[in-house]
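> Quick mapping for you: the protein sequence lines, in order, are chains A and B.
Start counting the first sequence at 224; every next residue gets the next number (my numbering).
Start counting the second sequence at 7; every next residue gets the next number (my numbering).
Honestly, I wouldn't trust all of these hints.
[Claimed, not checked] The following residues of chain A were derived to be distant from chain B, with all beta-carbon distances above 12 Å:
hint	residue
1	Thr-234
2	Gly-244
3	Pro-282
[Stated by the list, open to error] Straight-line C-alpha distance at most 20 Å; calculated EDC-like pairs for lysine to aspartate or glutamate:
hint	chain 1	residue 1	chain 2	residue 2
4	A	Lys-258	A	Glu-331
5	A	Lys-258	A	Asp-268
6	A	Lys-353	B	Glu-97
7	B	Lys-96	B	Glu-34
8	A	Lys-258	B	Glu-34
9	A	Lys-280	A	Asp-263
Just so you know, these hints were derived from the structure itself, not from any lab.
Bear in mind that the values here come from a model prediction, so they are computed numbers and not experimental data.
Every residue, glycine too, gets a C-beta built ideally from N, C-alpha and C.
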Amino acid sequence: MTNDHTRHRPTGFGNPWLQLGLSVLCVFVSEFLLKRGATDVAEPDSAFSWTGINGLKSPLVWWAILLIIASFISWLYVLRYVPITVAYPLSRVVDILVPLGCWIFLGELISTTRWCGIALVVVGLGLVAKPVAQIEERL
Amino acid sequence: MSALAFFLIVVSLLSFVAAQLILKRAMEFSAANGLRNSRFVSLAAIGVALMTISFFLTLGLLQRFDLSYLYPFQGLSVIFITLLAAVALKENLSARLMLGALLITAGIVLVSIS
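One chain only, chain B, in its complex shape:
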């Protein structure tokens, strides 16, 4: 794998993780304040833009690598999102949830490399 491919995989993963957290924030905000306000619209727009970047980068990578090769990186998103949601969104993170997220990540990586 070239350095460029690795870089694009990392950018794709990070933009996906950031998008999920921003969209969660947007939906929480909309639950309290409705859909017609500029803060919800701008948060949702940033989330969708980041998802789109991640989508097209993945489409470019899929032309060069097998899905099974790219999947372990998607698996890592579970652990990143769980940890960052606890930090950035102050969601409750029990030991049980953390262990569950770790096992899911490990399982996805195993499934992909086998």
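Excised from the complex, chain A in its bound form:
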């Protein structure tokens, strides 16, 4: 670990791992809002819509933007204390939370291939997180 700040970081609400969790949660919710909002106002025939700016007509997109700003502030805070080689891979836990969320809350089926992908991500997250857990133990 090259970053000295991992050793002198705040606890409680300022704990960077808690902030990483909050950041992931905001991204998780914003993904659903963005897709729904973008679909609601889709104008595939208009060349201007390639810029995505027409998406601002949807209130859901604005809610998503608020959540993205919140997650962004938490994320910047995380970057201050944690190396990005650790923090970024961990933040992608959201990529399996989205399909799992669809499975749990929307009753969508998850194919065998998709379960395999989820398993790979979990193993990868474990590999990235284990050295972090060991550092925490030493503290």
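Guided by the hints, dock chain B onto chain A, whose structure is given.
What follows is chain B alone, placed relative to chain A:
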């Protein structure tokens, strides 16, 4: 997928990756020198501008493609950011971290194409 769509996906991915690295540099700098200095402000502004470009390009792409189709490209950001952080920011990159990043990338791609 048209050549234009592919180009926009690549631009969106690259601007996102560059933004993350620049923001990491900005926050490291701020940890040592505080938030009130022109170098931190300009780095953060460039990072936010690149994130904004990536955001609107993604919003445009989402109007044409399913989220599940666009996701594998976002998955690639894990491997790009991990490698480039080791090169550009001189962060430690152990074999374990590298393998973890590769598995996460492979898993995200599998989840998206299934």
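> Each hint: holds or not?
Verification of the supplied hints:
With a cut of 12 Å on Cβ distances, Thr-234/A stays outside the contact zone with chain B, its closest approach being about 17 Å. For Gly-244/A, the condition that its CB be more than 12 Å from all CB atoms of chain B holds, with the nearest at approximately 17 Å. Here Pro-282/A stays apart from chain B, with its beta-carbon at least about 14 Å from theirs, past the 12 Å limit. Between Lys-258/A and Glu-331/A the alpha-carbon distance is near 17 Å, which keeps this suggested pair within the 20 Å criterion.
In summary, the hint linking Lys-258/A to Asp-268/A is supported, as the alpha carbons are separated by about 18 Å, within the 20 Å threshold. The hinted pair formed by Lys-353/A and Glu-97/B meets the criterion: a straight-line CA distance of about 17 Å does not exceed 20 Å. Distance hint between Lys-96/B and Glu-34/B is fulfilled; the C-alpha atoms sit about 12 Å from each other, no more than 20 Å. Taking the CA atoms of Lys-258/A and Glu-34/B, the gap is about 33 Å. The hint is violated against a cut of 20 Å.
Straight-line distance between C-alpha atoms of Lys-280/A and Asp-263/A comes to about 9 Å, which keeps the hinted pair within the 20 Å bound.
Hint 8 from the list above is the single one not met by this structure.
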